[in-house]
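Novice: The lines below spell out each chain.
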Amino acid sequence: MPRRSSLPVTFIVPTLVILLILSMVPTLYAIVIALQNRELSSTAYSYVWLSNFYDLFFDRRFLNAVWVSVKWEVVTVVATMAVAIGLGVLMFEVASPRLRNIYCLLFIVPVLLPRVSAAFVWKFAYHPLYGIATYPYRLLTGGLIFDPLSKPATALFAVASVDVWQWGLFFAVIVLKLLETLPPQPIEAARLDHARHWQIHAYVTLPMLKAPLISLMFVKMIESLRSFDLIYVMTRGGPGVATETLDMYAFSQGFIESGKVSYASAMAVLMMIATVITFTMLWKRVQA
Amino acid sequence: MRPPYRMRPGRLVGKAVLAFACFMAVFPLLWTALNSLKNNVDIITRVPRLVFTPTLANISYIIGRDSVMTGLYNSVIACGVAVLIGVVLGLPAAYAVARYPNRWAGDIQFFVLSLRFLPPVAVAIPLMVIWLQLGLYDTLAALIVTYSLLTISVIMWLAIPAFQSVPKEVEEAAFVDGYGAYSVFWRIALPVAARSLIGAVAFSFVLVWNEFLIALMLSSSNAKTLPIVASELSQQGMNVPWGILNASVVLLSLPPLLFLGVLSGFLNSVFRQKKT
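Chains as they are written, first to last, in the working numbering: chain A, 1 to 288; chain B, 1 to 276.
Incorrect hints may appear among the rest.
[To be verified] No more than 30 Å apart at the CA atoms, straight line, and that leaves these computed lysine-lysine pairs for DSSO-like:
hint	chain 1	residue 1	chain 2	residue 2
1	A	K71	B	K168
2	A	K210	A	K284
3	B	K168	A	K284
4	A	K151	A	K71
5	A	K210	A	K71
[Stated by the list, open to error] Chain B regions said to be covered by chain A (calculated; three or more residues, Cβ under 8 Å):
hint	region
6	22 to 28
7	135 to 141
8	226 to 232
Hints listed in this document are in silico derivations from the structure and should not be mistaken for laboratory results. Glycine included, every Cβ here is placed at the ideal spot set by N, Cα and C.
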């Protein structure tokens with residue numbers, strides 16, 4: 001590499017400046033709006049400082065949304081990793097190289113779909129009377145009706161299943177590729193010691209892949225924050241507030257129900273602070 | 001070499017589970033595609049119907065709707081231009097970070113990744129107010145600028161390892177031959193890393209094509225993208241012919257699926273690098 005060249009400066013500086021402007025302007029402005037009392041219906045506003053944040057702590061719907069978001073995060077991340085590791089190990093164990101290629105191709109299909117499409121596909125499938133996914137239940141029970149999306153107890157899981165459908169299958173492909181990068185010797189050694197297949201994976205291969213698997217989980221945690229599309233199309237936060245996550249509640253406060261833009265922004269700012277702090281700390285730990 | 005397997009019931013169960021997973025991966029989508037070819041009477045049945053008289057009415061209805069075509073146009077322009085901006089600004093920056101290490105390289109990489117932590121709703125609310133004040137709300141320009149943040153950061157994030165995997169010796173040989181820093185980037189690094197770079201660019205396209213929340217909040221009538229139009233079709237209640245909804249889902253899903261081959265090749269190349 002040449003010592004002196006203008007290339008790094010001309011290549012990096014404009015891009016970074018643009019990225020900084022594009023990201024910092026809305027971020028800082030979100031905080032400014034959160035300190036005001038803007039509403040969609042009027043152009044007049046004044047500074048109310050922290051009163052939006054103060055109100056949030058007594059807003060039971062907000063506290064519910066925090067709880068739903070935490071549940072969503074845990075359910076989707078755990079289920080995705082379980083599906084991914086399960087199917088990945090299975091492919092590694094029983095599938096021939098040719099079959100593996102076919103599986104890999106098919107397993108990435110769901111994640112490529114727009115979330116809106118995936119949500120529609122499953123909204124039809126979960127339809128209590130005509131849905132293809134509820135058909136086996138109707139068949140077995142002789143026509144009883146099961147409506148997963150309109151029961152508070154099942155709605156969150158029904159929506160989460162779509163998320164796991166998209167990401168779990170995709171991550172299974174990555175787990176398989178990770179397993180394929182491992183050196184064969186430790187696996188051979190374990191086989192010679194008559195270790196069972198599941199023992200090999202539980203005690204040899206998966207511990208060897210600990211770091212990349214944690215990174216994978218980290219990616220899923222970030223992507224799980226983007227639950228809005230699925231929930232907006234499938235349940236709109238319902239039944240009641242059973243699937244109302246933070247972004248769904250912020251959206252409906254800001255745009256559907258009351259047009260309280262500042263209140264919604266206060267919520268978004270709290271979300272932003274929480275996620276940036278959490279993920280920065282997690283990332284530093286993953287890297288260390 | 002692995003020892004030959006004995007055929008055991010466990011393996012059979014494993015194969016059955018995998019076959020079922022494959023079925024689950026593609027069947028819901030195939031079923032939607034099938035439903036888009038059905039008349040309403042064949043969709044609203046308690047027992048799913050596999051045999052029916054196909055109709056193209058749903059598809060021609062979708063293609064004939066102005067709102068759908070406008071949505072398609074908006075999606076293509078907004079995503080196309082944003083990806084182009086992402087390529088022009090993201091690839092050179094990624095190359096510089098990958099090849100000219102300095103003490104900020106780690107921080108730059110983390111900054112680019114951290115943009116992904118921002119909740120979309122936290123970005124969309126202030127942007128809506130900003131675009132309203134600038135008189136650009138509900139325009140494609142506003143959407144393109146907003147999406148550029150996404151495409152630049154994602155392309156940069158994925159292109160840095162792609163450039164790093166280009167053998168250093170190739171570039172050094174070019175320097176010895178008298179190439180300047182810029183022509184090494186143009187003539188050596190870009191072509192050699194092209195395969196991975198195309199994967200990164202395709203990924204960024206799929207990401208913005210599928211984007212929903214920001215488009216929903218930044219458009220009211222003129223700049224609606226296809227996902228928004230499709231989601232509105234479903235809000236017209238249960239009286240809307242379901243076949244039309246299914247057809248719109250199929251139309252919306254086709255472009256990302258066109259990249260299936262490219263992206264699966266990208267995935268393979270990423271992990272082949274790790275192995276060596």
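Novice: Hey, K210 (chain A) versus K71 (chain A), does the alpha-carbon distance stay inside 30 Å?
Specialist: holds, 24 Å
Novice: Would the hint linking K71 (chain A) and K168 (chain B) be met if the CA-CA limit is 30 Å?
Specialist: violated, 47 Å
Novice: If you look at each residue in the region 226 to 232 of chain B, do at least three have a Cβ nearer than 8 Å to any Cβ of chain A?
Specialist: holds (count 3)
Novice: Please verify the coverage claim for the region 135 to 141 of chain B: does it have three or more residues whose C-beta sits within 8 Å of some C-beta in chain A?
Specialist: violated (count 0)
Novice: CA of K151 (chain A) to CA of K71 (chain A), is that 30 Å or under?
Specialist: The given pair, whose Cα atoms are some 16 Å apart, holds under the 30 Å limit.
Novice: Do at least three Cβ atoms from the region 22 to 28 of chain B come closer than 8 Å to Cβ atoms of chain A?
Specialist: holds (count 5)
Novice: For a C-alpha distance cap of 30 Å, please report whether K168 (chain B) and K284 (chain A) respect it.
Specialist: Given that 30 Å is the threshold and the Cα spacing comes to 28 Å, the pair holds.
Novice: Hint check: K210 (chain A) vs K284 (chain A), CA-CA at most 30 Å. Holds or violated?
Specialist: Holds - the C-alpha atoms of K284 (chain A) and K210 (chain A) are around 16 Å apart, at most 30 Å.
The structure fails hints 1, 7 (numbered hints given earlier, in ascending order).
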